[in-house]
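Chains as they are written, first to last, in UniProt numbering: chain A, 1 to 225; chain B, 1 to 811.
Pairs of lysine-lysine residues, derived as DSS-like cross-links and limited to a Cα-Cα distance of at most 30 Å, are as follows:
1) B:Lys108 x B:Lys152
2) B:Lys620 x B:Lys669
3) A:Lys128 x B:Lys717
4) B:Lys717 x A:Lys119
5) B:Lys230 x B:Lys249
6) A:Lys120 x B:Lys717
7) B:Lys108 x B:Lys157
8) B:Lys327 x B:Lys417
9) A:Lys76 x B:Lys717
10) B:Lys72 x B:Lys532
11) B:Lys186 x B:Lys157
12) B:Lys798 x A:Lys71
13) B:Lys234 x B:Lys266
14) B:Lys612 x B:Lys266
15) B:Lys473 x B:Lys378
16) B:Lys717 x A:Lys161
17) B:Lys798 x B:Lys327
18) B:Lys647 x B:Lys659
19) B:Lys717 x A:Lys71
20) A:Lys76 x A:Lys23
21) B:Lys107 x B:Lys180
22) B:Lys266 x B:Lys590
23) B:Lys647 x B:Lys467
24) B:Lys612 x B:Lys473
25) B:Lys798 x A:Lys76
26) A:Lys161 x A:Lys29
27) A:Lys114 x B:Lys717
Hints were generated in silico from the structure; no laboratory data involved.
Here the structure is a predicted model, which is why all the values come from computation and not from measurement.
Chain by chain, the residues run as shown.
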Amino acid sequence: MIKITGLEKIYRTEEVETVALNKLSFEVKEGEFVAVMGPSGCGKSTLLNILGLLDDPDAGSFLFNGIEVAKFNERKRADLRKHNIGFVFQSFNLIDELTVFENVELPLIYTGVKTSERKKIVENVLDKMQIMHRRNHYPQQLSGGQQQRVAVARAVVNNPKLILADEPTGNLDSSNGNEVMQLLTDLNEQGTTIIMVTHSEHDARYSHRVIRMLDGQTVMENIMA
Amino acid sequence: MLRNDFKLAWRNLLKNRFFSLINILGLATGLACFILITLYVTDELSYDRYNEKASRIYRVNSDIIFGTTELKLAVSSDPMGATLKKDYPQVEEFARLYTSSGSKLIKKGNVFINEGNVGHADSTFFRVFTVPAISGNTNTALNEPNTVVVTKSAALKYFGTTDVIGKTIETNDNNGTLYKITAVVKDIPTNSHFHFDFIFSMDNVDYNFGNYLSHNFQTYLLLKEGTDPKEFDKKFIEFTDRYVLPQAKQFMQVNSMEEFRQAGNKLEYHLMPLTDIHLRSDRVAEISVNGNIQYVYIFSAVALFILLIACINFMNLSTARSANRAKEVGIRKVLGTERKTLIRQFLTESTTVALLSLLLAIGIALLALPYFNRISGKEMSWTLMTTTGFLLLLVILPVVIGLLAGIYPSFYLSAFKPIMVLKGKINAGAKRSTLRSVLVIFQFATSIILIVGTIIVYRQLNYIQNKKIGFNKEQVLLIEGTGALGNNNQAFRNEVMRIAGVKSVATGGFLPVSNSSRNDNTFSKEAVMDSKNGFNMQVWRIDENYIPLMGMEMAMGRNFSKEFKTDSSAVIINETTASILGYDNPVGKKIYTSDVNDPAQSIEYNIVGVVKNFNFESMKQQIGALCFRLGDAYWETAFKVDPANMKQLVSQVEKEWTKLAPSYPFSYKFLDESFNNMYRAEQRAGQVALSFSVLAIVIACLGLFGLASFMAEQRTKEIGVRKVLGASMNNIVSMLSRDFLRLVLVSAVFAIPLSWFIMHRWLENFAYRVNISWWVFLLAAILAVVIALLTISFQTVKAALTNPVDSLRSE
Numbered sequence: 001m002i003k004i005t006g007l008e009k010i011y012r013t014e015e016v017e018t019v020a021l022n023k024l025s026f027e028v029k030e031g032e033f034v035a036v037m038g039p040s041g042c043g044k045s046t047l048l049n050i051l052g053l054l055d056d057p058d059a060g061s062f063l064f065n066g067i068e069v070a071k072f073n074e075r076k077r078a079d080l081r082k083h084n085i086g087f088v089f090q091s092f093n094l095i096d097e098l099t100v101f102e103n104v105e106l107p108l109i110y111t112g113v114k115t116s117e118r119k120k121i122v123e124n125v126l127d128k129m130q131i132m133h134r135r136n137h138y139p140q141q142l143s144g145g146q147q148q149r150v151a152v153a154r155a156v157v158n159n160p161k162l163i164l165a166d167e168p169t170g171n172l173d174s175s176n177g178n179e180v181m182q183l184l185t186d187l188n189e190q191g192t193t194i195i196m197v198t199h200s201e202h203d204a205r206y207s208h209r210v211i212r213m214l215d216g217q218t219v220m221e222n223i224m225a
Numbered sequence: 001m002l003r004n005d006f007k008l009a010w011r012n013l014l015k016n017r018f019f020s021l022i023n024i025l026g027l028a029t030g031l032a033c034f035i036l037i038t039l040y041v042t043d044e045l046s047y048d049r050y051n052e053k054a055s056r057i058y059r060v061n062s063d064i065i066f067g068t069t070e071l072k073l074a075v076s077s078d079p080m081g082a083t084l085k086k087d088y089p090q091v092e093e094f095a096r097l098y099t100s101s102g103s104k105l106i107k108k109g110n111v112f113i114n115e116g117n118v119g120h121a122d123s124t125f126f127r128v129f130t131v132p133a134i135s136g137n138t139n140t141a142l143n144e145p146n147t148v149v150v151t152k153s154a155a156l157k158y159f160g161t162t163d164v165i166g167k168t169i170e171t172n173d174n175n176g177t178l179y180k181i182t183a184v185v186k187d188i189p190t191n192s193h194f195h196f197d198f199i200f201s202m203d204n205v206d207y208n209f210g211n212y213l214s215h216n217f218q219t220y221l222l223l224k225e226g227t228d229p230k231e232f233d234k235k236f237i238e239f240t241d242r243y244v245l246p247q248a249k250q251f252m253q254v255n256s257m258e259e260f261r262q263a264g265n266k267l268e269y270h271l272m273p274l275t276d277i278h279l280r281s282d283r284v285a286e287i288s289v290n291g292n293i294q295y296v297y298i299f300s301a302v303a304l305f306i307l308l309i310a311c312i313n314f315m316n317l318s319t320a321r322s323a324n325r326a327k328e329v330g331i332r333k334v335l336g337t338e339r340k341t342l343i344r345q346f347l348t349e350s351t352t353v354a355l356l357s358l359l360l361a362i363g364i365a366l367l368a369l370p371y372f373n374r375i376s377g378k379e380m381s382w383t384l385m386t387t388t389g390f391l392l393l394l395v396i397l398p399v400v401i402g403l404l405a406g407i408y409p410s411f412y413l414s415a416f417k418p419i420m421v422l423k424g425k426i427n428a429g430a431k432r433s434t435l436r437s438v439l440v441i442f443q444f445a446t447s448i449i450l451i452v453g454t455i456i457v458y459r460q461l462n463y464i465q466n467k468k469i470g471f472n473k474e475q476v477l478l479i480e481g482t483g484a485l486g487n488n489n490q491a492f493r494n495e496v497m498r499i500a501g502v503k504s505v506a507t508g509g510f511l512p513v514s515n516s517s518r519n520d521n522t523f524s525k526e527a528v529m530d531s532k533n534g535f536n537m538q539v540w541r542i543d544e545n546y547i548p549l550m551g552m553e554m555a556m557g558r559n560f561s562k563e564f565k566t567d568s569s570a571v572i573i574n575e576t577t578a579s580i581l582g583y584d585n586p587v588g589k590k591i592y593t594s595d596v597n598d599p600a601q602s603i604e605y606n607i608v609g610v611v612k613n614f615n616f617e618s619m620k621q622q623i624g625a626l627c628f629r630l631g632d633a634y635w636e637t638a639f640k641v642d643p644a645n646m647k648q649l650v651s652q653v654e655k656e657w658t659k660l661a662p663s664y665p666f667s668y669k670f671l672d673e674s675f676n677n678m679y680r681a682e683q684r685a686g687q688v689a690l691s692f693s694v695l696a697i698v699i700a701c702l703g704l705f706g707l708a709s710f711m712a713e714q715r716t717k718e719i720g721v722r723k724v725l726g727a728s729m730n731n732i733v734s735m736l737s738r739d740f741l742r743l744v745l746v747s748a749v750f751a752i753p754l755s756w757f758i759m760h761r762w763l764e765n766f767a768y769r770v771n772i773s774w775w776v777f778l779l780a781a782i783l784a785v786v787i788a789l790l791t792i793s794f795q796t797v798k799a800a801l802t803n804p805v806d807s808l809r810s811e
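Bound conformation, chain A alone (with noise of 0.2 Å):
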């Protein structure tokens, strides 16, 4: 589903030039639960952008489904994203202002969804992460780990191939993080890849593989049993 080949990024200030990636090379399969980890600044996050669509890389491949994306615009990428990637934060980035069903309901809306289809599509997922009951409430007013249920969702209410996840955990407490990881475990077992950064050793235990980075290249790949 993803084959990035000599991934390239390098920010650059007026003083100081920063690799992110430096010919960054892997691949990942169709229904792949693969965990990315590295100490801080190893590229981690770069990475996620570009997987997800939301940076363009320097120099390499990315190719999405055998179409090359590298060189994509900002227009075809977002529309490519949209239809194909779900999100999960490690803040939830869920909107303040907007209720539970609102934010999950908001991807149906910038994808082009009928208002009657949205309610259905919505109420649906918000019973499957069961937080039905929280669909009139703020994001400030639930847990932690009811608003990460939110944000996984809302990452999922679009029914995408990829799900990116900047470690869904990181905020959380143990037992609300299991559930999380739970979540995206049932997901992967439907058929959704998902590609997840993490730190916690104990959280890479739920993937496929697990890559290991360091300033900016794999550095080994451990296959989870």
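Given the coordinates of chain A, work out where chain B should sit on it, guided by the hints.
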């Protein structure tokens, strides 16, 4: 402590350069407008107050209806003043002014100069008005005929010195009356309703004195301390019965004032306070063009609104920014800063900004003063700003604004619980504030009202310029003072007619624009006048070329002609007169007037034609009754000319003039200019309204710009999330714009009825006016929306273009 506060305030200003700049610029512009308009209003309100007895001086106004439209006069009859003083002990003194001659030619060396600021006054003039003498005794200066009092400027102009007592000046009165200078006075202040340079003795006025029925003199009464002018007003009823009625009976059949009134007529006199004349009087025979209290109100309101808009910006930006400073407050509190100290810090900050703005505002006001003087038609000097009251205002204003703008954020912020703030739980509430929305609505409502006002003022002015006025005001060159040519008048006409480009010539003594010569008389439908068949009418002397030259049209009958010897007793009436008379076809009918020399005898005139109505006064007035008679109004001469090479043409005319009247000044004007001068006050109001509308909108936009950038900044993260979730740039821009648009639309809902009401009132000043069409409001609302969108677009597009990676990286 205070020094530390200022240091911190300064650093905060520098740290938020962008917001500080918007804040200071907006407030400074607002304050500058406020300063200028305050100067204007103060000046307008100060008229005639230089007179020490101003509070006791009144002018007698006359309101007359006789068969036609109401005449509101600033003048009254010549015996009025003396009679009132004789009969009523409340009258301490009276003084009359006679200015009907308008201007005089005064000889300097061998040449006559046309002087406009001249008048004849009673010897009591200086006992009523405060015009200090430089030399001579003003109490006795005008006691005798052939005396004149001159101002310092006039003395310097004609003699180069103020030591001129006993010297004589020659005028064109009766072909060269000499006047002896008996006193020199200080120049009359600009804020006076009269501006004489020469005050001549009343004894030299060539007038049939003792006539209660002719109204030609401005009469001022100085009432004794404690006299109630409202009570005194009632005395005019017995005055009219005792003096006016007996004279009226001589030439018309009227038995009592009651009968006169019942026929729909009116003859009333009222006292008008001296200090009201400049702003509240727009009557026939005013000495100078007065101001208008309406404009004082409107401009004061505009000044206040602009200041409010600027203050609102200031408050809005301060409170909006407060959210950003919540963390600072939290940390300070954790470190032990007291609430008191925080409040003081915030107040110091806002007051510093207000003071900086004031300094800038004074600079802007000084720079803009010449421009403002030009559009408002004033001659205000910057020294007006140095009066104590004004300086006090300038000091108090920024402190008040600073405190007002600072109080809300300072109390709001200083009340934060440090834990909450540091946890970031405050931000959400500060983002959307009802107060801020209300303030933005207020700003835009004001802007919309100003836009509507400006559009309607300009439409009305445009209407006046282009309305079918019944004559052609273009290409008419008027040569003034042609009376000075004497017997050479015809020769002059003949010579000028030979100049290429001159098409025709006519007498121009009576002109269809305000402030031209006027002559009215009473007429009747039957030979014997009574209070039902009599009416007042303008009588203009013209020649047979006048009607075609002015482009006027005949509705019925014919123009005057040299072929009809009987035309000396013929009249051409206008359509208003025709409708007063009520004949289906008035041509061939007669009208009557009484003989000046023998009021019991009547003179008859034959109506030979009806001229289509034309506006001969400002469009604020209905077209009154008017008739033309054949005659030679020789003091001005009208030429219809070709507008090409106008400069050359005029200089050729001047050459002819100099040949025939070498010692008299050559003076000319164009009819269309005189026409436009009638609406000078409205044009100025239009320009002032336009200038300040633009400024108000700029200031409001400045605030909106700041607010939009603040909102975008506040919502950076939300925008990032939305983009990640697939929002396009359009989605984001429209999301951010929608909130503001909603506010602008709500403003329109408030502004439209209010602006309709205000402009409806203004238009009521005009007898001939435009309708207020719905599209004006639509246009104003659309303009406001477009302006608001353009203003915020820079910020919203910038926010929408930001790569979400940047806004979400902060984790």
